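S.K.: Let's have the full structure, built from the sequences with the hints guiding it.
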Amino acid sequence: MVRFRCLAGLLVALFASAPAQAALSVFACLPEWASLAQELGGDKVSVYQASSPLQDPHRIEARPSLVAHMRSADLVICTGAELETGWLPVLMQTAGNRNVQPGTPGYIAAADYIERLEVPTRLDRAEGDIHPSGNPHIHLDPRNIAKVAAVVSDRLAKLDSKNAAFYAARGDDFETRWGAAIAKWEQQSAPLKGMRLVPYHKDSVYLIHWLGMVEVMDIEPKPGIPPSAGYLAELVDKIQRNGADAITRSMYTDPKAAQWLSEHTHVPLVDLPYTVGGTPGANDLFGLFDDIIARLEKVRK
Amino acid sequence: MHARVFVAGLTVAATACAPLANAATDSEIQQLRDELTALRSDYAARIGALETRLAAVQTTVEQSAPVEPAPFVQPPLATASSGSSGNEFNPAASLILTGTYGQQSEDPANYQIGGFIPTNGDVGPPGRSFQLGESELTLAANIDPYFSGYFVGAFEGDNGTSVEEAFVSHVGLVPGATIKFGRFLSDFGYLNEIHAHAWDFVDAPLALQAFFGGQLKQDGLQARWVAPTSLLIEVGVEFGLGDQFPGTDRDKNDFNSMMAFAHLGGDVGFSHSYLLGATLYRSKATDRTYQDLDQFGAPVTDAFTGDTDMWGLDFVWKWAPDGNSVERNFKLQAEYFHRNENGSLTFDQDGPGDATGNYNSDQSGWYAQAVYQFMPRWRFGARYDRLDSGSTDIGLVRSGLLPSTAFPILADHDPRRTTTMVDFSPSEFSRLRVQYAWDQARFTDTDDELSLQYIMSLGAHGAHKF
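Protein chains in written order, with this note's numbering: chain A, 1 to 301; chain B, 302 to 767.
Hints were generated in silico from the structure; no laboratory data involved.
The model shown is predicted, which means the values in this text are computed figures rather than measured ones.
We treat Cβ as the ideally placed atom computed from N, Cα and C, and that holds for glycine.
Treat the hints with care, as some may be off.
Label-pair restraints from in silico Cβ distances [to be verified]:
hint, chain 1, residue 1, chain 2, residue 2, range
1, A, N283, B, D689, 54 to 60 Å
2, B, N443, A, D271, 37 to 43 Å
3, B, A524, A, K298, 54 to 60 Å
Pairs of lysine to aspartate or glutamate, EDC-like flavour, derived with a Cα cap of 16 Å [unchecked claim]:
hint, chain 1, residue 1, chain 2, residue 2
4, A, K222, B, E729
5, B, K766, A, E61
6, A, K298, A, D245
7, A, K256, B, D445
8, B, K632, A, E61
9, B, K585, B, D651
Per the computed footprint, the stretches of chain A lying under chain B, defined by three or more beta-carbons under 8 Å from a beta-carbon of chain B, are [what the hints assert, rightly or not]:
hint, segment
10, 26-34
11, 91-98
12, 105-113
13, 220-234
14, 268-282
M.R.: So this is what it looks like as C-alpha cells:
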C-alpha cells in the first residue's frame with residue numbers, strides 16, 4: 001500500500017513537472033523562432049527552444065528532451081526548407097503528437113511563407129549540402145521575420161481562440177515596432193551598401209540581399225564542405241584579387257579557417273551572432289539586427 | 302437502463318445548450334473574422350510596399366555589382382503542374398552502399414562464440430579480403446492522413462535479398478502513442494533498433510551476436526507511449542511471431558514473442574544528454590537446431606525446445622560543447638543483457654544417439670563503448686565486449702548418460718573482444734573507417750581482425766534517432 005502510494009505520488013509529481021498547463025505550448029526548433037513566439041505570445045505561451053544559438057542548425061540531434069517536449073507541443077515552429085531534415089522527422093515519428101504533424105495547423109515551416117533565395121537549378125549532392133527548396137537561413141532578412149510573424153500571430157489566435165484578441169493586439173504592436181526598427185536599420189545601414197563580404201558558410205545570403213551588400217565568395221568550397229589547407233591558400237589569392245571589406249562567420253562555425261584567412265589577407269574578420277543569443281548583444285530579435293549592423297559598421301569605416 | 306437515462310440526459314442537455322453556445326461563438330467568430338481580415342489587408346499592403354522596395358534594392362544591387370558577384374537565383378513561383386505523371390507522390394528513396402576489406406588471423410569459417418548455443422545468424426567479422434556489404438534500399442512516405450509506411454530491403458553481398466524492415470506506423474491514436482506493425486527492428490536495448498550503417502563500429506557487439514544472431518527483428522506489432530512530461534518517459538510493448546532466434550516458428554495462433562521496454566531520458570544543459578532503458582523479452586522455441594560435434598568429434602545436430610527469458614539495461618550519454626556536435630562530441634554507450642533458457646535439449650536429433658534431457662542456462666553479456674569526435678569529420682572509438690557463459694545445466698550430462706564433451710560448444714567460456722576504430726566522414730553522406738579488433742570469442746586463439754569499411758548514402762537525407 002505504501003509502495004503504491006509512493007508510486008502514485010511519483011507519477012503525480014512527474015506529470016506536474018510537465019510544461020505549464022494554461023499556456024499554449026510552443027516548440028521552436030531554433031532560437032529565432034523561440035524569440036518570435038515569445039514576442040507574439042507573451043505570457044499566454046510557454047516556449048521551448050530546442051537548440052542553442054551556438055548549435056549548427058543543420059546538425060541538431062533528436063535528443064530525448066526534444067521528444068518529450070514535442071509530445072506536449074500545441075504549435076511547432078521550424079524553418080523548413082530541409083534545414084531540420086536530419087532530426088525533425090524522427091521527433092515527428094516518435095513523439096506521438098498528431099496535432100503538430102506537417103500539414104496540420106500545429107506546424108509552421110517559416111520558409112513556406114517567404115520568397116526563398118538560391119533555389120538550386122541543378123540538384124546534385126556533388127554540389128555539397130544544398131537544399132532543394134533554396135537557402136534556408138531566411139531569418140536574417142527582417143522583412144521575412146515580419147511575414148512569418150503574421151503567420152505565427154494568426155496561428156496562435158486559431159489554436160488558442162479565447163485569447164485571439166490578445167494575440168491580434170500583440171501582433172499589431174510587434175508589427176509596428178518591427179516596421180519602425182526595419183526603417184531605422186535600413187537608414188543606419190545605408191553606408192553598408194555595396195560592402196563586399198566573404199562569409200564562411202552561405203548562411204547570410206538574406207542579410208546580404210537585404211542590405212545591398214555583395215557576397216564576393218564563400219570560405220567553404222561548397223555548402224557544408226569545410227575548406228582544405230590548399231583551398232584556403234587559393235582563397236588568399238582570390239580575395240586579394242577581387243577585394244573584400246570583411247570576412248564573416250557565424251558563431252556556430254569553426255573559427256580557425258576564417259581567422260587564418262583574415263590574418264593572411266589582412267581583411268578584418270567579423271563574428272556575426274547568426275541568431276538570438278549568438279552574442280551578448282543579440283538578446284532578442286531586435287538586438288540581433290542591432291548587433292549585426294553595429295559589428296559590420298565597425299569594420300566599414 | 303441507467304445508460305439510457307444518461308444518454309437521454311446528455312442529449313437533452315446538448316440540445317438545450319447548443320443554440321446558446323452557438324449564438325455566443327457566432328458573434329465572437331464574426332468579430333474575430335473582422336479583426337483578422339483587417340489584419341490581413343494591413344499586412345498585404347505592408348508586404349506590397351516591402352516588395353516594391355525590395356525590387357528597387359535589387360536593381361541597385363544589380364547595377365552596382367562588381368566582379369564575381371554571388372548569383373541570386375530567384376525562387377520559381379509555386380508551380381501548379383497540370384500534366385501530373387503521378388511520380389510526385391513517389392516515396393522518399395535512399396540507398397546505402399557498404400563494403401569492407403578484411404584481414405583475419407583465424408579462419409572466419411570456424412568462427413564461433415564459445416559457451417553459447419549458435420544462433421545460425423550473422424556472427425563474426427565480415428570475411429577476408431574485399432567483401433561487399435549490405436546494400437540497403439529505403440523507401441518511406443505517408444500513406445494517407447492516418448498511416449505512414451517504411452521499407453528497407455537489403456541486398457546481401459552474396460546476392461541474397463532480405464526484407465530488413467517493412468512496417469506501417471500510426472501516430473497519435475491517443476496523445477503520445479505510436480503504433481507500428483509489420484516487420485521492424487525490435488526496441489530491445491539501444492543499438493538493436495539502429496541500422497548497421499549508423500553503427501560506430503563495423504560489427505555488432507558480441508552480446509547482440511550471441512543472443513540474437515545480429516539484430517532482433519519482429520514480425521508483429523509495437524505500441525509505445527510518451528508521457529506528457531518534460532523528462533522523456535517512454536514505455537512500450539511488442540508482440541510478434543517470434544520466429545527469429547532465440548524463438549522459432551511454432552505454427553501456433555497467438556504470439557510467440559513478447560517484449561516490454563521503458564526509456565528515461567533528458568538533458569543537463571545544452572551540452573549533455575542521456576538516455577536510460579530497460580527491456581524484458583520472452584519467446585519460445587520448438588526444435589531450435591544447431592550444429593555441434595559429439596564426444597568423438599563427429600558432427601551432430603542438437604536442438605533446444607523451451608522458453609527464453611531475457612532482460613537488458615542500456616545507457617547512452619552524449620556530450621557536445623553547447624550542443625554543437627559538428628566540431629567535437631563524445632558518446633558513451635553501454636548495454637547489459639541477461640538470458641535464461643529453460644526447457645529441454647536433444648542430442649543428435651533424429652540420429653543414432655538421439656536423446657533428450659532438461660536444459661537450463663543463465664548467461665549474460667555486456668559491452669561498453671566510447672566514441673570521440675576530436676575534430677570536425679574525424680572520430681576515434683573503443684569498445685570492450687564481454688560475455689559470461691554462466692551456469693548451464695544439461696540433464697543428459699547430469700544423469701551421466703553423456704559426457705560433457707558431447708556438447709563442446711556449451712563448455713564454460715567467457716568470450717571477450719577489444720575493438721578500436723578511427724573513421725573519417727568527408728560529408729554527412731559518406732564515411733570511411735579503419736577498425737582493429739582482438740577477438741577472443743573462440744575457445745582458443747585470439748583472432749586479430751583488421752577491417753576497412755566504407756558507408757555511403759545516396760538520395761533522401763536520412764534522419765537519425767538519438
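S.K.: Run every hint past the structure and note whether it holds.
M.R.: To see whether the hints hold, each was checked on the structure:
| no. | hint | verdict |
| --- | --- | --- |
| 1 | N283/A with D689/B: 54 to 60 Å | holds (56 Å) |
| 2 | N443/B with D271/A: 37 to 43 Å | holds (41 Å) |
| 3 | A524/B with K298/A: 54 to 60 Å | holds (58 Å) |
| 4 | K222/A with E729/B | holds (13 Å) |
| 5 | K766/B with E61/A | holds (8 Å) |
| 6 | K298/A with D245/A | holds (11 Å) |
| 7 | K256/A with D445/B | violated (48 Å) |
| 8 | K632/B with E61/A | holds (12 Å) |
| 9 | K585/B with D651/B | violated (21 Å) |
| 10 | 26-34 | violated (count 0) |
| 11 | 91-98 | holds (count 7) |
| 12 | 105-113 | violated (count 0) |
| 13 | 220-234 | holds (count 3) |
| 14 | 268-282 | violated (count 0) |
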